[in-house]
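A.B. asks: Sequence:
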Amino acid sequence: MFKLIALKRRFRETFGLWRKVFWLLSYSGKWLGFAVLGLTLAEIAFSIGSLLMIKSLAETMIAAEDLRAQSDTFLWYILLLLLVFLAGRIAAALGNYVRSKQGYVVTDYVNRAIQERAVKADLSFYDSAEYYDSLQGARQAGAGRPAQVVANTLNVLRSMLMLGSIMIVIATVEWLVLPICFAAVVLILVVQIYFTRERFQLQRQLVPKERRALYADFLMTSEPYAKEIRLWDLGSYLRKVYIQQRKLIREDYNVIEWRKALSESCVALISALLLSTVIAYLLYRFSAGAATLSDLVIVVLLLLRAELSGRNFVAALSRLYDDQLYLSQIFGFLDLKARIESSAGALPVPTHIWNGIQMKDVCFTYPGADEPTLHDVSLDIKPGRFTALVGGNGSGKTTLIKLLCRLYDPEKGQILLDGADVRGFATKSYRRLFSVIFQDFVQFAFSGAVNVQLADLGHKPDFDRMRKATKLSGADEVLEELPQGYDTLLSRMFDGGVELSGGQWQKVALARAVFPESRFLILDEPTSAIDPNAEAALFEGFRSKLGGRGALVISHRLSTIRMADYTYVLDKGRIVEEGTHDELIARGGRYAQMFERQGRGYRR
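With the sequence shown counted from 1, adding 27 to any position gets you our numbering.
Label-pair restraints from in silico Cβ distances:
hint, residue 1, residue 2, range
1, S405, R589, 22 to 30 Å
2, F471, K495, 19 to 27 Å
3, E623, F471, 38 to 46 Å
4, M187, K57, 22 to 30 Å
5, F245, D514, 26 to 34 Å
6, L261, Y393, 26 to 34 Å
7, S528, S249, 14 to 22 Å
Hints listed in this document are in silico derivations from the structure and should not be mistaken for laboratory results. The model shown is predicted, which means the values in this text are computed figures rather than measured ones. Glycine residues also receive a C-beta, built at the ideal position from the N, C-alpha and C atoms.
Let the hints inform the model, and build the full structure from the sequences given.
C.D. replies: Structural data, given as structure tokens:
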């Protein structure tokens, strides 16, 4: 009973998988699909036709009393055979072309689907090793697998029809040979499918080791880590880590390949014995006068062709089974569902914001973590107000930003926009309310102009607005001095690029945050790599520069903090103090102690 249920479930899974495959292939266009199918069938028809013509030619030659008298007939047979063979080769060549064309289209589509799913995945997926294993499994499967499935399906069909045709012809001569041929094909098929599944299961188990090896390789070959690796001489250590992981992977694969080689050798021996038995039987029939010489020649020829077709059939069927196993990884990844999505009745973001953003008793714990990162956090970010957030490392400041932007949803509590829960708004529209510079901002290998405008690609390029943003952040002085100005590529990864310093990059990233016409500006340590003069220029008259936007600034610098309208102090995931600079100093708490400690350093 349980086996029947499991069989039904596997059938449903296989059917669902194939339905998805052909849905993907339909993306390449029905005419291309018809061309692939038609050319494959033509190739099969010409191959079978040439086989039957060879049989007819052999019978005619053996039956002829005078071969010279029949030379013209034989010549026409040969010419026709060559034409059929040539037509088959042309059909095969054209078939390979259209299959390749279809494969490129589908591969690009699947690549795009994987990228779209990765981009749409919740940020929480990146906190799970299972996500990385799933992504690595999809990459190992290969985006071209769906196209390979069709090619392998057609190969199975072609080999099966060819093998079936050969079997029919053999049966007309000596049907007792068929069970032996069938047994040889089944033996090869069982071995191939068994070890295909074994290899697939092993590859799934080895994904974590593969990722460790790839990570070590990434560290050794990527620019961001080049300085530390050379300074600390980490190359030999990383190579050792890579070699160890690859050795473990290689040893596991070698065990399976050795077992497969032994099994295939045994099957080859059995197949050779079966073939020898058939040939001996036919020779016996010929010597006894029960078979003609033409029967003997044709059957031996067909047996050799049947053995080749049988191997091709088994190999194609094995690849098809292998494709099915790996495709389950691609579709498993594509079936990942984001939890933070707009509901069907999502509300539009209000055109005017009066009260701003409020966090009320928000709690949050990262997936797999034992302790919450934020505990009952409440704060307000009002339009036109400069709000500061201070706290030590690991206090939860960056996590708070991610919750405000709805990259995560709180487990408890609410985040409100003018009194309405933000989960009721369209996610993309809500996120466009914010311009953010994270402490670990991205340095894109694009031009200076593109780097600034990336935060607002929904609008047409506005050079005047971009210049205003770069001037505010101080990035205009950096970009204008480059060889091609704003069009200079900001990376040496590609020809003609230049590399900026950390402070210069921070100015560009700050311009990128200021550039969009957003409602709220969130800056996480925006001036940590900028000199004091540039920082003073940035925050001088900062409220007027906001243009009615609300701002949340995270900073450890006194010059920034004291200019804020209102400040929150975050410690171990809790808001422990809040108020204006003067109120917090008068209170003599954690903020005042921090301010006094930093002030002593300036007075020395």
